[in-house]
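Residue numbers (the working numbering), protein chains in the order written: chain A, 1 to 136; chain B, 1001 to 1136; chain C, 2001 to 2136; chain D, 3001 to 3136.
Simulated from the structure, these hints should not be mistaken for lab results. Be a bit skeptical, because a hint or two may be false.
As the list claims (entries may be wrong) - DSBU-like, lysine-lysine: derived pairs with alpha carbons at most 30 Å apart:
(1) Lys85/A to Lys3086/D
(2) Lys3072/D to Lys1133/B
(3) Lys85/A to Lys1105/B
(4) Lys3085/D to Lys1105/B
(5) Lys105/A to Lys3085/D
(6) Lys2086/C to Lys1072/B
(7) Lys34/A to Lys3085/D
(8) Lys1133/B to Lys3005/D
(9) Lys38/A to Lys1105/B
(10) Lys13/A to Lys1085/B
(11) Lys1086/B to Lys2105/C
(12) Lys3105/D to Lys133/A
(13) Lys2013/C to Lys3073/D
(14) Lys3102/D to Lys34/A
(15) Lys2038/C to Lys2105/C
(16) Lys1038/B to Lys1105/B
(17) Lys3133/D to Lys85/A
(18) Lys3086/D to Lys2073/C
(19) Lys3073/D to Lys1105/B
Stated by the list, open to error - Distance windows between CB atoms, simulated:
(20) His3090/D to Lys1085/B: 52 to 58 Å
(21) Asn24/A to Asn2136/C: 51 to 57 Å
(22) Glu3132/D to Ile26/A: 31 to 37 Å
(23) Thr1092/B to Lys3086/D: 43 to 49 Å
(24) Lys1086/B to Trp20/A: 15 to 21 Å
Cβ coordinates follow ideal geometry from the N, Cα and C atoms, glycine included.
Number of protein chains: 4
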Amino acid sequence: MLNAKEIVDKMLKNDSFSSWLEINIIDLHEGYCKISLKVNESMLNGFSIAHGGISYSLADSALAFAANSYGKKAVSIETSISHIKKVNNHDTLIAETNELNKTNKTGLYSITITNQENLAVAYFKGTVYFSEKNWN
Amino acid sequence: MLNAKEIVDKMLKNDSFSSWLEINIIDLHEGYCKISLKVNESMLNGFSIAHGGISYSLADSALAFAANSYGKKAVSIETSISHIKKVNNHDTLIAETNELNKTNKTGLYSITITNQENLAVAYFKGTVYFSEKNWN
Amino acid sequence: MLNAKEIVDKMLKNDSFSSWLEINIIDLHEGYCKISLKVNESMLNGFSIAHGGISYSLADSALAFAANSYGKKAVSIETSISHIKKVNNHDTLIAETNELNKTNKTGLYSITITNQENLAVAYFKGTVYFSEKNWN
Amino acid sequence: MLNAKEIVDKMLKNDSFSSWLEINIIDLHEGYCKISLKVNESMLNGFSIAHGGISYSLADSALAFAANSYGKKAVSIETSISHIKKVNNHDTLIAETNELNKTNKTGLYSITITNQENLAVAYFKGTVYFSEKNWN
């Protein structure tokens, strides 16, 4: 069975959308990860702020990395996000996971997305189901 | 005050991320829209299926278009999505809004995301706040 | 293995809170149920309208009945509710389930709560996990 | 205008359902509250554990008290709860609010529900809309 780092390396390999987002891994261990991206012009909507899908995508990747890093393939089944602060061009977004619950079958994670001034821009909550399939 | 089509045209103009997603407007009127995109290789994750952020981004745009088309600037305050079916490369995703509630101040929308075979791939729910600012 | 009706009868037997709510089963089959209650004075908050917990409790029971009626013990893992209309004393609330997705392991249900005038008062969404344990 | 304590006293007066739940206020100030209840037999479902509606109702009351205590009448518009641990008869449930965001118009609160052993039994998230009406 692979360890947390090997699993996420495998997930990121050939992951075109994460490459496009230029997701950067800051920290990672079983059930936890902290990742970031830098907002660029292609991520903006018509108001010249980041599209809500950018924060969501970063948090959804963080959820996937944290949950899969235990070694079982994990599938997201329900996620929610509250956007509370505008995200501007050139902002750095950091998503950090907090595991609220884990059983053999399901996991619950809250993820706070902050900017480079350490201000929260969005709160994400995600539930995953852990399958029987191992990463290898 | 602008009409629904003029407002969404204005929103889409200079909207780099929607351009990148190649979002296509199928139908649109006050409080309603139906939009689509075609999944391409850049939207895939390491499992060779579409990243969850792609369905979310399409639905979040649909929410914004439907809610803003009344003429008041609307802000998304809480959204959730349940992913229920894998989305493959070259699939077409269609997001259609259903307005569940609207007051002067807030609106509630459910959005179903289907693929080219008319099978649901995700269910999205979004709440917006209507500001006092008019589109003009 | 028990059938849908036998399972829900067993769930309701000794269910003190559902007795207190005076929940009434209108219709029931595998993966579906429609139940009601009549609001009384004990269910009101300080504004003389029904406490939000009343609609939630009715919908949560509907979720449990619909999901358990397949024969596997099902556990609710994530639920949300949007309250959109005031509920008055003596109103009848009806909760009807709609199964959006079902796999061996998880199920997703939307539940609309209407009043005696067939107007929606709340929208509920719930995800369950199906355990290996049979009802018997 | 009334202060936080006066507002919540007014909310609780004639609040029949909170009386039935025997909700107890532990701490309260603007934008914050901590309340509890003791589970009794009438709150149990057919599995002899507390019905999910009990934790929800406690958290929903906490949301209402925290948000209304600023002086403007606040309305809950979207709430979600994840139940993660069984609640037994005679357990004490404590709900404590954490204000994640507040603007003139909307507020976002996370609420953790713990038992007498300080173990989390549920996580609640709620969004409110602040009306123009003052408490007086």
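Checked hints:
1. Lys85/A to Lys3086/D: violated, 36 Å
2. Lys3072/D to Lys1133/B: holds, 22 Å
3. Lys85/A to Lys1105/B: It holds: about 19 Å lies between the C-alpha atoms, which stays within 30 Å.
4. Lys3085/D to Lys1105/B: Cα-Cα ~36 Å, so violated.
5. Lys105/A to Lys3085/D: Measuring from Cα to Cα gives roughly 14 Å; hence the hint holds.
6. Lys2086/C to Lys1072/B: holds, 25 Å
7. Lys34/A to Lys3085/D: This hinted pair holds, its Cα atoms lying about 27 Å apart.
8. Lys1133/B to Lys3005/D: Cα-Cα ~35 Å, so violated.
9. Lys38/A to Lys1105/B: violated, 33 Å
10. Lys13/A to Lys1085/B: OK: lysine 13/A and lysine 1085/B at ~23 Å, within 30 Å.
11. Lys1086/B to Lys2105/C: holds, 16 Å
12. Lys3105/D to Lys133/A: violated, 46 Å
13. Lys2013/C to Lys3073/D: violated, 40 Å
14. Lys3102/D to Lys34/A: It holds: about 26 Å lies between the C-alpha atoms, which stays within 30 Å.
15. Lys2038/C to Lys2105/C: violated, 34 Å
16. Lys1038/B to Lys1105/B: violated, 34 Å
17. Lys3133/D to Lys85/A: Holds - the C-alpha atoms of lysine 85/A and lysine 3133/D are around 26 Å apart, at most 30 Å.
18. Lys3086/D to Lys2073/C: Roughly 15 Å separates the two Cα atoms, so the pair holds.
19. Lys3073/D to Lys1105/B: holds, 14 Å
20. His3090/D to Lys1085/B: 52 to 58 Å: Given a distance of about 44 Å, which is not inside 52 to 58 Å, the answer is violated.
21. Asn24/A to Asn2136/C: 51 to 57 Å: Roughly 52 Å apart at Cβ, these two residues keep to the hinted range, so it holds.
22. Glu3132/D to Ile26/A: 31 to 37 Å: Distance hint for glutamate 3132/D, isoleucine 26/A is violated at roughly 44 Å.
23. Thr1092/B to Lys3086/D: 43 to 49 Å: holds, 44 Å
24. Lys1086/B to Trp20/A: 15 to 21 Å: holds, 20 Å
Violated hints, listed in ascending order, are 1, 4, 8, 9, 12, 13, 15, 16, 20 and 22; each of the other numbered hints is respected by the structure.
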